[in-house]
Amino acid sequence: VSAFRVLVVIENDPDMRRLIRLELMDDPEMEVSGEAATVEAAIELMRGAETGLVILDHFLDDETRGIDAAPVLKAAAPGARILLLTSDDLAAEARRQPAIDAYLRKTDIDKLLPTARELLGLA
Amino acid sequence: MPEEPTLEELKAANETLREFVAVAAHELRGPMAAILGYASTMRKHWDRFPDEEKVEFLGIIERRSRYLSRLLDSLLTLSKIEAGALEVRPEAVKVAEAIEQALDDVADRSTVEVKAADDLHVMSDPDHLQRIIVNYLRNAGRYGEPPIVVTAVEDGDEVTIIVADQGGGIPEAFASRLFDPFARATTDDAEKGTGLGLSIVRGLAQANDGEVWHEPNEPRGARFGVRLPRASA
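From first to last, the protein sequence lines are chains A and B. In terms of our numbering, the first sequence opens at residue 1 and continues consecutively. In terms of our numbering, the second sequence opens at residue 1 and continues consecutively.
The following block holds chain B by itself, in its conformation from the complex:
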């Protein structure tokens, strides 16, 4: 039988949840206020704005609505991970193929170099592996600089996949919070991403018996890694 949590542990978990809900609510309110504001301003002053300006306002409403939708999807994924309710269907996945599929989803291929042996396999839920690589690639695209290099190497009973970029790197003070929900280095990048991508990566890796980390890249930029159990083909 697993040990019952102590009262202190329950209180701490409750406080963490309360803080998470408060931050999530704040993240939802920002775009919601813009959507409501532009809709209301257009409705009140319909005749005052030329068509081109109204199209611009609708573009803002659409962009911020899409962001909200992505944020809600990410929140639901993260809540499943945190609740241990994530369905994991591990199988032997060919790493080079997973990287290729992730690239199809994300990137300008010309800025990405892939170094992965063709016969390398990991034991993982294929959707989760792809999401991990996609999120790392998106991060590198948003905050790093090309060329982005994806490498996958065998490491004993495990496989290490690294996504490296040549950007400004991660500020030292921020590095320890990097995989926490809604962690952002500055408010400048609000709405570049949902702030949940790396915490989802960590949760998915752990659910597949893996681990994640970050380290500085040489001579510049950041390296994001995931280590997963190796599988035979």
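Okay, chain A solo, but in the shape it has when bound:
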């Protein structure tokens, strides 16, 4: 089974990036293929790669907001599902943004793996 490519885009919080990797590392069907602190850097990472899932934080560098950036990421990688992972309660805002496929609070990080598997059709 070839591994899906999972890209982590997150505010520059290395502790959270590491935690996301730890949560996903047990799954042989997933591979965290890159990490970026900005949307621009993320798009560069996705160029030429088949990204299955983007894990996107809301408060990014350069005052970019994940919810606003989701359509740009979707346009850059139309096949990718986008999971908004944020510490703030943005459920309503995430629902209103069609480019976002799922929303999860960082405090529910133990649901990250099942949510990611579901988004990738592995559940």
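Hints were generated in silico from the structure; no laboratory data involved. Note that CB positions come from ideal geometry on N, CA and C, so glycine has one too. Treat the hints with care, since some could be wrong.
Stated by the list, open to error - No farther apart than 25 angstroms at their CA atoms in a straight line, the calculated lysine-lysine pairs in the DSS-like style are these: (1) B:Lys44 / B:Lys54; (2) B:Lys44 / A:Lys111; (3) B:Lys94 / B:Lys115; (4) B:Lys80 / B:Lys11; (5) A:Lys111 / B:Lys54; (6) A:Lys111 / A:Lys74.
Said to hold, decoys possible - What the simulated footprint calls covered on chain B by chain A, stretch by stretch (three residues with Cβ under 8 angstroms from a Cβ of chain A suffice, anywhere in the stretch; the number is not a length): (7) 97-104; (8) 206-220.
Add chain B to chain A, keeping to what the hints say.
Below, chain B without anything else, positioned relative to chain A:
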């Protein structure tokens, strides 16, 4: 009798408070999510991680918990200042001594030069004066470059204390927000400081009939100043 605030003023104050609470909640949630996450991951996968890695995770939990504790202390101090509930006990304070005590709390002394006349005194709550200098020194240490120079000079009925560094200085677009709560030039410095240090400095200075400001340093870096009423010894 002081004038009653208008409805517009009350609405504006309410909106400011609402925004402040929202930003404060966000600042608390970030470290909280990391603490919960690492605790939960360790508990679920206890046998999977070697001891050294578990010690590292506990280090992250400890570091982020300490940050939360500092943030809560700063929030409480700021809320007291904003509510006018801060207790101010002014007395004649020897500036050179206050600077020395602040240095004991903060800095690598070898990177700091002090230029303050021995007989200079200000009328201030001594704890507040020390906190002001400590916060300025911490800022210079975090965001500036040594050598850091602290000067105190008499200025008529007042005393001016300046903390200057030789770093990259303050971006112009950010300078007007510098003393606002949670103002940070970039998200890079999140958790370097709480983002409340300078707003606390401003509040403490004002509570002691003083004022604060920032100006560029020459040839490079930033100068942070506080002016307080002069006192005789």
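Exercise. Find the hints from earlier in the document that the structure breaks and name them by number, from lowest to highest.
Key: The structure breaks hints 7, 8; every other hint is satisfied.
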